[in-house]
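Visitor: Sequence:
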Amino acid sequence: MPELPEAEANRLRVERDCLHRTIEAAEPGDDTSYIELPGDNERGRLVGHQFTRTHRHGKLIFAGSESGPWICVHLGMSGSLRPFDEADGPPDYAKFLIRFEGERRLAFRCPRKLGWVRVVDSPEAEIERIGFGPDALEIGRDAFAEVIGDSRGAIKSALIEQKKLAGVGNLWSDEILYRTAIDPQRKGTDLSDSQLGDIYDAMRDILHAVVDTEADYSKLPDDWLIHTRDEGAECPQCGGEIVRTKVGGRSAYHCTRHQE
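Just so it is clear: in the sequence shown, position 51 is 32 by the numbering used here, and no numbers are missing.
Careful, some of the hints might be misleading.
[What the hints assert, rightly or not] No more than 25 Å apart at the CA atoms, straight line, and that leaves these computed lysine-lysine pairs for DSS-like: (1) K94 to K144; (2) K144 to K227; (3) K168 to K144; (4) K227 to K145; (5) K168 to K145; (6) K227 to K168.
In short, the hints are calculated from the structure, not lab data.
Since this is a predicted model, take the numbers as computed values, not measurements.
Work the whole structure out from these sequences, hints included.
Guide: Okay, structure coming up:
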């Protein structure tokens, strides 16, 4: 599932290719059953406007202008935002299309139909309405320690709870805990201040590193868990075994030797 770095890579594509272009139409693509998309009236609000800025909060991507309206996009399990030119045609699984003046288009591609697009008045109002917590790259060290350290549940579950902390999901929570040698089933309340600080630093380092590659995993260091995130694989750090367990109903990959 796309998380903060993947959402940021999609935001950058919109920022580079779709700003300051007048919107001529916004329309659903093919096979849009079981997916949340704006209705006719909401799509009509976009026509005649331009996107002049973008924003991201956690896994949410926004494009709009100071006076609005904005689109708010959640990528779901496999979604992406794809700018393209009319002559090239839309990508497959395009569920929502924005037609700009000239040749440029923007498609929301969503093969598994678990993402969504909304037309909203502002990012701030939508973030508050949804109830997401602070962005994982914006939260301060003390606030992070309070939010995560007060959790009586598993530390992995706390890291991926979007109402606590927006942007970290299954993949990068595993990487963070792998880096800090902490078992994903440890309770937040059992962690020391030093361990919480290590998790905070690792979270920032990992998310920034993935953002810098625009979520191209092949450019990440060889000793990261993502390259051996398979049950039974050998841990690149210590030679232990990577195992898959269930934590709060979600899969967690971790090393049985160095993560305690």
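Visitor: So, for every hint listed, does it hold in this structure?
Guide: Hints and how they fare:
Between K94 and K144 the CA atoms are separated by roughly 23 Å; this keeps the pair inside 25 Å, and the hint holds. Distance restraint check for K144 and K227: the Cα-Cα separation of roughly 21 Å lies within the 25 Å cut-off, and the hinted pair is therefore satisfied. The suggested pairing of K168 with K144 holds, with an alpha-carbon distance near 18 Å, which does not exceed 25 Å. Simply put, K227 and K145 have alpha-carbon atoms about 20 Å apart, close enough for the 25 Å limit, and the pair holds.
Among the hinted pairs, K168 with K145 is consistent with the structure: their alpha-carbon atoms are about 15 Å apart, no more than 25 Å. For the given pair, K227 sits about 15 Å from K168 by alpha-carbon distance, which is consistent with the 25 Å threshold.
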